[in-house]
Every structure is written in C-alpha cells, then in structure tokens.
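K.L.:
Hey, can you work out the whole structure from these sequences and the hints?
The chain contents come next:
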Amino acid sequence: MNSAENNLVSAAKIDASCRVPLLALFGGAALWLVVGLLLAVLASLTFHAPEMFAHCPFATYGHLAPAANDLLVYGFAIPAGLGVLLWIFARLSQAELVLPLIPVVAANLWHLGVFIGLATILCGGSSGFTWLEFPRAAAMLLGVSFVLIAFSAVATFGQRKARELYPAHWFLLAALLWFPWIYSTANLFLVTTWPVRGVTQAIINWWFADNLIFVWLALVGVGVAFYFLPKIAGRPLHSRFYALFAFWTLILFGTWIGIPQGAPVPAWLPTTNAFASLLLVIPLIAIAVIVFKTVWGAPTVCKGGPFCYLRFGMTAFILSGLMLIASACPEHARTVEFTWFGQAQTQLQILGFFAIVIFGAIYEILPRLLDGGLPFPKFVRVQHWFFMLGTLLLVGSLAFAGVKQGRAAYDPAAAIMGLRIATMGWTFFLFGSLLFAVNIFVMTIRWKLALAKTVIAYIKSPLETSEVKP
Amino acid sequence: MRNGFAVFFAVVVALGGSWLGFVVAPTVQLGKAKQALILNSTDTWPQQRTGEATLGLQVYRANGCAACHTEQIRQDGVAAEVTLIALNKTKPEDFKAFVQSLFILPELAKVTNTLAATLNGWKGDLPTTILVTDDKAVADAMSDRLKAAGVKSETHIVATGEDIPRWGIRRSVAADFLYDFPVQLGNLRVGPDLADVGARLPDANWQLQHLYAPTLSVTNSAMPSFKFLFDVRKIGSAPSPDALNLPKQFAPADGYEVVPKLEAKELVAYLLSLRADAPLYEAPFSPITSAKP
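Protein chains in written order, with this note's numbering: chain A, 86 to 555; chain B, 376 to 668.
Derived from the structure by calculation, the hints contain no laboratory data.
Backbone N, C-alpha and C fix where the C-beta goes; we use that ideal spot for every residue, glycine too.
Hints should not be assumed to be uniformly reliable.
[Said to hold, decoys possible] For the chain A half of the interface with chain B, some residues (derived, Cβ under 8 Å), not all of them:
1) F132
2) P135
3) F138
4) C141
5) S211
6) W255
7) W266
8) V281
9) R282
10) V284
11) A287
12) I289
13) W333
14) G347
15) L354
16) T424
[Claimed, not checked] Residues from chain B shown here face chain A by an in silico Cβ test under 10 Å; the list is partial:
17) V387
18) G392
19) W394
20) G396
21) F397
22) K407
23) A408
24) L432
25) N438
26) G439
27) D451
28) E537
29) S547
30) Q559
P.N.:
This is the structure:
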C-alpha cells in the first residue's frame, strides 16, 4: 500500500487525475450539507413555535424534515463517499483515474437530480416513502450517475498491478454493487404507476431504509476507515482475517433488519428482523476489535486532524449499531419503537459516524489534490469540535426524548424538551459544515483562478520553438 | 480473497438473500391478498375508500403527515372480559359475598386477587367489568357460575396492549391497507396514531378546526398549523356554509370567514375513512357498542 507513496511522482499524478472529479463531488456535497442542515434547523424550530410556517406550505414540517434527511444522505453522504472511494481505488491500484471526465459529468448530473428532488419535496411532490421521496426523474438521474461513477471506479480497479484485494476493496466494491440494486428495486416497486399492493410497500420501504442507512453507509464508512486508519496510524490493519469476518457477517446479518415489531405484516418478518439484529453484535465486536487494536497505542497524535475524526466516527458506528440492536430486541422495542430514539440512531449513523469518517478522509485527501493545501487548515480542528459536540447534543437529546416519550406512552409533550435541545445540536453541525464549505469553495476558486492564469499566460505567450519541433 | 470474481459471486449471494427474503417473498406472499371476511358476518373488509378520501390520501402524502403520525396499532394479545349486566334480584352485598364464596374454586385460583380488588371498590353501579383475563377458560367458568346464580353477565373478547383502546380497538392488519397507495404506516409518533382516527374523532368540523389551529382543540399542541389549506375571504352576500366556526382569538377580522380549500376537505374525508374497527379472523374481538362515547 505504501509503495505508491514512495513513488512520489506517481502519487502526485494519481492525485492530479482525481482533482476535477473530486472537487465536483465534494463541492456539491458541501453545498447540500449546508442546505440540508439549514432545513433541519428550520424543521426543528417547529417544536419551539408550531405556528411558525402556518401560512407557508413549502416550509411545513412534513416537507422540511424529509427534505433535510434526503439532502444529508443523497446530497452529501453518497457523493462525498463516492469521491473518497474513487481516490482510494486509484491509490490502491497505483493507477490514474480511468476516464476522469465520466465522474465529473456524473457528479453534475447527480447534483442536478438532488436539486430536482429537493424542489419537488418542498412543493409537495414527495412520493411518500421514507428515503425515497425523490420523484422518478430525480431517482433516474441519481441511478444513472451512480452507475457512471461506479463504472469509472471499477475500471480504475481493473488497472491494479497487484492481484491482491485489500479489506477496503471488499467493503467498497460491495457498496458499489448494493446501492444500484436496492435503489432500483425500491424505485421500481414503489415510485411507479404500478406499485406493489398494500403493506408490501411498507415492507420494501423498511428494507430499503435499513440497507441504505445502516448497511450502505457502514460498507463505505468502514471501508474508508480500514484504508485510512492503518495509513495514519502507521501500522497494518489488525487483522485481515477479522476484517474478512466482519465483512461477511455485516452483509449477512445487517441486510435483514428494518421491520418494526408488531407491524401489520406477516409475523415472520419482524421475527427475522429481531433475530438478525441480535446477530449484528458479531460484526460490531469484530469491527470494534479491529479499530481498537489498530489504533490503540499508535504513535500518531491526532490534534483534531483526520485521525481524531476517524476514531470518533468509528466509535459512533459501534454505538449506532448497538442502538439499532437495542431498538430491535423485543423487550426494549416496545418502549422505544416509533419514538425519537430511532431518529437518534439514524442521525448518529449519518452524521456521527459516516459524515465524520468521511470528513477525516476528505481532510486527508484535499490537501494533496491541489498545491498549497487547505486555505484554512485551522478550520479542520474547529469543525471537529463542532461535529463532536453536535453529535453528543443531537443524538443525546433525541435519544433522551425517545426514551422519555416511550415511558410516557407517547405523550407528545414528553419529547418537547429533548427536541428543543436537538435544535442546538443541528446548529452545531451547521456551523461545522459551513467551515468545510468555506474551505472547499475557496480552494476551488483559487484553483480556477490559477487555471485561468495559466490559460491566459499560454494564450499570451509567443509560440515557442520547442513546440514546433518534433 | 484473491479472486475478484469469486468474491463478487459470494457478495451477490449474500446480498441477494436479503433481497429474496424481504422483497420478493413478501411480494409473492401478499401479492394475491384478498379482502378479509368480517367475523360473524358475510361482509368483506376493507371497502374501497370513497373518491374524495382517496384524493385525501394524496394530500396526506404531499404534506408529509407521516413524518409525525403512524397508522399502525400494535397489540399484545387478547383477553376475555366478563361484564356484569344485571343483578336481577340479588343485592350488591349478597353478590359480593357470593363471589367471595367462589374463591375456593381451583379454576378461579388465578384471578381471586384481582376479583377481590375489583369488587372492593365497587358500589353496585352497572354494567361493570368484574374480570379481565387472558385465559378464556377462566372467564367461561366465571360466567357459568354467574349464570347459575341468576345474575346476567356477558363475556367479550377484547384486544390488549398499550395502544388499545385509546387509539383503536384492535391491532392494524395487512388487510386494512389493501387499496392504499402510498401506504403510510409511518415510523415515528410525534403525535397520536391515526389508524382508527375516523372512528375515534368522527366529527369533520373538529378535524377542520384542528388542522386550521391545533392549539384551538389541544392546548400547547406541538402539531404545526395547516392554515395554508384554508382560504380567508370576505363574506359575500351570505356566509359560506363551509365556513369554520372559530372562537374569538382564532377568528379572522370582522367581515371575513375561513373556508377550507378543496384539499382540506379531501384530507378530512381521508382521516374520517381511517378505521380499523371490524373484527377479523386475524384480529378478533367481540364488538362492544357501549365502549365508545
């Protein structure tokens, strides 16, 4: 893995080949993250002043909340994850990105799709299925762009010199396969003129939600962490065998979750769900052991840099998995089911785990993409604090609201206090993401200016004789 | 894990398993679902919603009501309930003494404590539920004894659970949603469950008022107000028959009235069509007419 680093010329070339696609993916992701968190803050204001948007159909809670969630996942998490994935594949293959123009086009199509989806939800055109609110046109754009990016990724993977697959490869390749599969299935069965009948819609929706939020984000987040943790800690992953074991158990058990206990569906579905969630503890332990043994006692000091991000993110992942198990085991299910506890787990998974791990990776990659590095390197540390506090406040208060609400037999008033604190958590995330947005936009603008300068210089300069000569 | 294709194949099998299990199997299993028969009747369940209510489901979807409301009532089990209807010639004190004399019976051993507690606080008002048990045999034994003693009682099957009876009288079942698209089961209960709201709150005017200003019906309601589903307009030659009847602090300026838009009317038609109140084979109960005000 390190030979690419030793061969500095080639590493720089690889990074240069990733520059434009990654800036396109990350730039859009930064924008959607900021907008999504802004919408989430607005949505949570409903619990301070329910009358606030009484006259404004666009900003009613039932539009803002799903729009915010979709922006966090489709707007931010997936494109950012794909950007990191492309870079990792190029580095692991020790090859330049194949057909870099394809991901650039795809990134723009993707962001266009997200924009269409957002506008449609705010105008009341949501499909009514969780995480699938986007209309058909937007879903099609997302699907096509994903496949295009996956194509470029797999082609780059095909360029690898060593036959050996790394643990990061397994997780990321599975993610490339799984998203198109679940997304097309869910859209074809639900967001169509010929939907499946009755509660089958809900079953497929739950299956999709779990596989997108838990499994897909886990595959990418853990895969990325398994690439960067050993690199930053300066020692090999501990161990390949554990990683293999974690991978298989994760996709075997994690994919059978999502159906609430007591839902009006055939009884074997919730039973399978409860059973699978208990077994989920196996990959969680394996991943916890790997992270702990790889990171513990490493000579690296984190200082609010990528290493801190990755450690915090992986801890959040273990916690989020445990929360999922807790809310699925039959005894607790009745107390926390249909309460804010589930939302707490979702946000821990998306923001506490995935976003933080991906930011760790992005801050490792970004400075290498362009000469001159980050315009504001100090922001990295500040953002880390914002995100950490945001996670604690948001997830803590939502989980608290959920448990209180469950104990109080779903009394809406029991949750209010927690929901008001959650607003603060969202705000912290918003501040943190603004810092990232500033960094990446200033960086992109600088790069474009530099590009323009070279182009102008090139046009102005007289024809050099060397160019004419063969 | 050297061979990329072997890995790819194994991943397809592992992931495909969940696809077959949670997508294909339920589609096949439920794809041919038919209407269910209502217990002790030849009627089928559910009936197709009216056209207005079907449009209302789209208003419900468009406004994201499912972000805060579920439509699935859960149930722990069923219980048998023995209700005393008439004492005929027996006096309440004599009835108490009679019941106490039953405590030695082995078949009632399980319930003597609860029976004693119920009767202790009882002043002779009728009808009254004297026994709730999850064992049908115990309930039958009790009602046999009561019959022999010459008092009138009825035994009902009731659903039990945290959601029951406050949100509905039985659990939601797959059949309830046979005709819906999109099915809005929901995941989060910021507000109450709505699976049976049409039976629980059947007053269309209450529903309209609640949508217009939730705080009007429920103090400190956390539900957002949906004023944008209503028009505030100048009263013409005569007040509109649809106009909401609002108390002073919620009413518009003098000479104006609040009229629901078409969407609001459809939405309320949908809400009123939400019922889970027919006894079915998979969710049985004996209908009790007096349980609801």
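K.L.:
Hint by hint, work out which the structure violates, then give me just those numbers in ascending order.
P.N.:
none
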